[in-house]
Amino acid sequence: AQSVSQHNHHVILSEAASLELGCNYSYGGTVNLFWYVQYPGQHLQLLLKYFSGDPLVKGIKGFEAEFIKSKFSFNLRKPSVQWSDTAEYFCAVKGVDTGRRALTFGSGTRLQVQP
Amino acid sequence: SQTIHQWPATLVQPVGSPLSLECTVEGTSNPNLYWYRQAAGRGLQLLFYSVGIGQISSEVPQNLSASRPQDRQFILSSKKLLLSDSGFYLCAWSARNQETQYFGPGTRLLVL
Chain A
496 AQSVSQHNHH VILSEAASLE LGCNYSYGGT VNLFWYVQYP GQHLQLLLKY FSGDPLVKGI
556 KGFEAEFIKS KFSFNLRKPS VQWSDTAEYF CAVKGVDTGR RALTFGSGTR LQVQP
Chain B
8 SQTIHQWPAT LVQPVGSPLS LECTVEGTSN PNLYWYRQAA GRGLQLLFYS VGIGQISSEV
68 PQNLSASRPQ DRQFILSSKK LLLSDSGFYL CAWSARNQET QYFGPGTRLL VL
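Going line by line, the protein sequences match chains A and B.
Each number in our numbering corresponds to the 1-based position in the first sequence with 495 added.
Each number in our numbering corresponds to the 1-based position in the second sequence with 7 added.
Hints are not guaranteed to be accurate.
[Stated by the list, open to error] One-sided excerpt, in silico: chain B residues whose CB lies under 7 Å from chain A:
{"hint": "1", "residue": "Trp14"}
{"hint": "2", "residue": "Arg49"}
{"hint": "3", "residue": "Gly50"}
{"hint": "4", "residue": "Leu53"}
{"hint": "5", "residue": "Leu54"}
{"hint": "6", "residue": "Asp92"}
{"hint": "7", "residue": "Phe95"}
{"hint": "8", "residue": "Pro112"}
[Unchecked claim] Partial pick of chain B residues on the chain A-facing surface, computed with a CB cut under 10 Å:
{"hint": "9", "residue": "Ile63"}
{"hint": "10", "residue": "Ser64"}
{"hint": "11", "residue": "Ser91"}
{"hint": "12", "residue": "Ser93"}
Keep in mind that the hints were calculated from the coordinates and are not lab data.
All C-beta atoms, glycine included, are put in the ideal place defined by N, C-alpha and C.
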């Protein structure tokens, strides 16, 4: 069975600080990986995704994530956060060859950026 | 462009009452449709998904059911709500043979 762990439940940073949110998954086969973001009062939105190719993926708003297969990780990074990055961030995984259509989500990380 | 709607946005219901949450998608045909429940601190749990009209797959046994009467309409129902049904319900869609899912605004349900 697939599972996703997001170890940081609540992160508080000052503006301009660097961000790294951890995401580890458990599944031995080929995976598709996603980061979603939910800004206060808004829909859950896709931030970036990895299907294949370059393991360093760039998304919207200056975010990037690196897929490290040997570590089963897909950590999200941003070199300099802004107050507007305050949101909840969810990592999700889908095993490609499982036949299962749904994504498995982590429990989320709440990011609070202080001005 | 595609849009996804959910209603109502917020619902307060007594225990034992019925439930009907609606989700509709515009701007696409033959989407895969999904119902998730988001519990605080526990991420999103898939409840149901559908690959076509009348085709529903359930992920977890529960007090809820789903139906897809039309291609772009997905309904989440219950005959008798339980306190434990309280939560935030999200509908999502993905294009046929595509992995990326797009989420609706959600319905916050409080069962008292």
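Going through the hints against the structure:
Because the smallest distance between the Cβ of Trp14 (chain B) and any Cβ of chain A comes to about 14 Å, over 7 Å, the interface hint for this residue is violated. Of the supplied interface hints, the one on Arg49 (chain B) holds, with its beta-carbon coming within about 5 Å of a beta-carbon of chain A, less than 7 Å. Interface restraint check: Gly50 (chain B) against chain A, minimum CB-CB distance 4 Å, threshold 7 Å, status holds. Because the closest C-beta pair between Leu53 (chain B) and chain A is about 4 Å apart, less than 7 Å, the hint holds.
Taking 7 Å as the C-beta cut-off, the interface hint given for Leu54 (chain B) is violated, the closest approach to chain A being about 9 Å. Because the beta carbon of Asp92 (chain B) sits about 19 Å from the nearest beta carbon in chain A, more than 7 Å, this interface hint is broken. The closest approach between the C-beta of Phe95 (chain B) and any C-beta of chain A is roughly 10 Å, which is over the 7 Å cut-off, so the hint fails. At a threshold of 7 Å, the smallest CB-CB gap from Pro112 (chain B) to chain A is about 5 Å, leaving the interface hint in force.
For Ile63 (chain B), the shortest C-beta to C-beta distance to chain A is roughly 12 Å, which exceeds 10 Å, and the interface hint is violated. Taking 10 Å as the C-beta contact cut-off toward chain A, the hint placing Ser64 (chain B) at the interface holds, the least distance being around 8 Å. Interface hint status for Ser91 (chain B): violated, as the beta-carbon distance to the closest one in chain A is roughly 18 Å, over 10 Å. Hint status for Ser93 (chain B) relative to chain A: violated, with the closest Cβ pair at about 18 Å, above 10 Å.
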